[in-house]
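K.L.:
So you can see what is in the structure, the chains are spelled out below.
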Amino acid sequence: MAHTTYGAGLATGPVIEAKGLGVKFAVNRRRKRSLREMFIHGTKRDPNAEGDEFWPLRDVTFEIGRGECVGIVGKNGTGKSTLLKLIAGVLIPDEGEVHVHGKVAPLLELRAGFNDNLTGRENVYLVGSLHGMTERQIDERFDEIVDFAEIEPKFVDTPVRHYSSGMKVRLGFALISQLEHPVMLVDEVLAVGDKAFKRKCYEAIDRMLANQRTMVLVSHNESDLRRFCNRGLYVKGGGLALDTDIDAALAAYNDDTKAKIAEREKRDAERKKRAERVKKEQAEKQAEQDKDGDGGQTA
Amino acid sequence: MASRALAVWEHRKVVGLLVRRDLKVKYQQSVLGYAWTMLEPLALTMVYFFVFGVILNASRGMPEDTKVQGGFLLFLVAGILPWNTFGAILSEAPRAMITHSKLITTMKVPREIFPLATVGTKFIEYLLTWPVLILFVVFLGGRPSWEGVLVWLPLAIVLQFTFGLGLTLFLSTVNVLLRDVERLVRIVSRLLFYGSAILFPAALVLTADAVPDWAKTLYQLNPLLGIFEMHRAVWFAGFEELTPTTLALASSVIGSVLMLVIGYWTFRRLEMSVLKEL
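Just so you know, the protein sequences line up as chains A and B, in that order.
Numbering-wise (the numbering used here), the first sequence opens with residue 1 and increments by one.
Numbering-wise (the numbering used here), the second sequence opens with residue 1 and increments by one.
Just chain B, with the same shape it has in the complex (with noise of 0.2 Å):
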């Protein structure tokens, strides 16, 4: 475990490498190339604003307070930019093995660069998603508070980034041998989106009448709802229905470590035949 731990890290530069290949290819196909990835997100936030927030009234859950300092756009366009690096992940995450499989049939590396190249390349991506994100919060008047730097924001991150390599070491392998996990992938891609409350704040959930105690508890079990609560939390921390609750808090530093253990685990114990497979 220590010295496959050692043999990624001699091999950083590869995981580097293939990492500045697939920011080069994706950028250099079109000239405008990143503005591109950006009017995706930007276009549907648009959309989202107008359906959930102006028709759906789904802004009702948003504290008064919050007006001044970003309201429900900021709230949009902070979880919908992360979420869209978290999709990414999640519909290449299959075919991280499987796209490499010359490379791996010829080279003599630790297989876990492969997935973890993935994995950095969405996290430089969400990187550039940040000059964006910066824009509305000076236009939207959003107000960044120490409490939400220093400790939601790098929470947040982590846990995400490790969720995503925990699930991508899974679905790669798992994808070689039965490959239909691909179409189910994006099936639960779907649902995700809105079992993590992107489009509106939890709290209009938890608090619902209508839902059974069971299913409120089953909704914050999910790891991703307290991963997109902490990324909105950086500009709104100090609101309670904002911020992610004891359980959801729990359930997310506790579920993206499981994942991560669980995704090597499979890795470990899948390789072989992912070799032969390949």
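Chain A extracted, bound-state conformation (with noise of 0.2 Å):
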């Protein structure tokens, strides 16, 4: 049976666990499943079970210790964030099981919780509470949080709708920087802001991985994942390809990338010429019916 379990920090042993991880998506499955069959068997049986589902997922196993940080590569639209959603227990496994020891920071979605209609400093309350932030604890860091977003006092009581974009992320970063649960997962939140908000938020990173913290960090960006991580996996096709130092992952990663586009261009290439190809044979075929036409003419 796949779940999710989450259980209380322990000192020693893997913080995060996945066994034979997968998940499934239907594709077209909303339109073509009526109501009945949805009532009756759920989501175990799928009337297009054969054809039209997709795992983003397999097959996916690996054990994260405390204080390692772990990069995840891989091309667009390999399971990288469906990964990070299935350890964030947001999303529930079709097959396998992922334990996490430790209450987790997701810095997945930085606005979300957000209300637009609330001010700064309601929010900051509502989304750190929704955290399992205490009150005296926020009330302690509220400065620190606003400090740290570059919020000028005077907007911290205007309502987040009046906020520009910037402001909305810089203050979802400072106040989720403040989360102290052991796990962190952060999704290509890093580039977050103008170059020196960016510094800030690297620092802010740097300290919580001192902190023997672990983090699970998704991102294109090379220099990002060279500098916070140890460890990198390598998702490729719905599975786990490698699972080395971050280095080789990110060799490995770039060769196929590289393979990709050599092959690519081969192919552009080949189409080309074949087009080439056409073109001339079009032309002959021109040329000749004019000369059909000359003679026609001349007759």
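Some hints here could point you the wrong way.
What the hints assert, rightly or not - To list a few chain B residues with every Cβ distance to chain A over 12 Å, as calculated:
| id | residue |
| --- | --- |
| 1 | VAL51 |
| 2 | SER59 |
| 3 | ALA210 |
| 4 | GLU271 |
| 5 | LEU275 |
What the hints assert, rightly or not - 27 Å max Cα-Cα, derived DSS-like pairs, lysine-lysine:
| id | chain 1 | residue 1 | chain 2 | residue 2 |
| --- | --- | --- | --- | --- |
| 6 | B | LYS102 | A | LYS24 |
| 7 | B | LYS102 | A | LYS200 |
| 8 | A | LYS168 | B | LYS102 |
| 9 | A | LYS103 | B | LYS108 |
Think of the hints as simulated: they come from the structure by calculation, not from any bench.
Keep in mind the model is a prediction, meaning the values are calculated, not measured.
Built from N, CA and C at the ideal position, the CB exists for glycine as well.
Mind docking these for me? Both chains are given alone in their own frames, and the hints should help you get the complex.
P.N.:
Here's what the structure looks like:
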């Protein structure tokens, strides 16, 4: 039976365990299934089970220990974010199990939970409490959060709908980086804000990592990955292709990308050649027709 | 199942936060927040009183003796205020999961808390209708009875919100997979309004000669009919025409519990697909 469990933080042993993890999406399911079938069979028996299903991830097994920072690399659409969601427990696997020991700080969607009609202050209290911070903790850190997010004091009590998108994301990052959860999941959010703020984010993440916390990072930015991670998982075609150090994972990914580009170039070249050949043939035909035409006229 | 209930209980604070947020957003946007939300049912009550009470004479279903303790107007108010809450649950239920899609896809919490928060918000709003109801009771000379306050009132509230929660669990997940549900619900809500005898005593239908017996039975099988009769029996206890029949009472108790079971079963059943779809 597929499931996700969250235990209390352990002093030893892996923090994140994934065993034979797989998740399945049905393509075009919604249109083709009738209500009756959906209720009688639930998600188990799908009429399109054979043809239209698609496994973004399958058979993924790994363990991540305390204090590790793992980077997940791979092409777009190979299931990196899905993997992160499975670890976060916001997606239930169809196969296998995930066990996460300790609370998870999800830096997946920084603005999640912000309500546009509430003020910055109210939102910090709301989202902070949603993530399990106590009111006292937020009281203590409120100034720090606002300061980090570079929100001017006069805007703290303005509804968030008047904020710029940068302000919202900065506030979100500032808040979530204050969480003391032992596991952090980061999905491409390091590219937040302007250069100066980005540097602050990096420092904040360095600080968190120094604290023996575990981080899983999905990114396309090689320098980010090299900077933080000591281990790399290369996800390819819905499976775990490599589990090594980050440099090797990136090298494998780059090799594959290069091979892909070379292949595409070759294909492009062939197509060009073919197009040229067709053009030439057409030109020849045209010339012949013209000649015929000329002949006809003279006849 | 038990561990799941425990997980929801552990997250009761989150439910409280969501409820508080919704109320805050609703009431802070206009100065007269509370007054506005009360104005609509009151205006409607006046219209219904005029059309149904004065013109169509629906008050003929009320026993003579009720006149001194509030009469048809109190009967209307005592039905329309809880119906307003129920209608609000019905209209927000399909969106209970969709509006929180960002939170659901980033935060690990038992997903049940979102429908729970929607119903919780409506429960608080229902409690806020009480000052208005009390005003009417005082001005119209309503006489609450022990039977009404100790039996009918708690039963009506518990059953209404049990039914509402079941319905929300059901609609919120189904609507993620089939978005047309939202439209359908709007129509059904209208039908239920008349089907639950909010504007006239149910006895008018049950004693009408033109209505065949099977239709009368069907009419009483609607769990909402009994629930709303109970809401009014609080003020008119002892009048046989205004208390639910045994059949209506049974169907509202069984129907509410059944709705909760079906709703929760559907919710758990569809949870995986919903998470993928959000």
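K.L.:
Report the numbers of all earlier hints that the structure fails to satisfy, in ascending order.
P.N.:
Hints 4 and 5 contradicted; others consistent.
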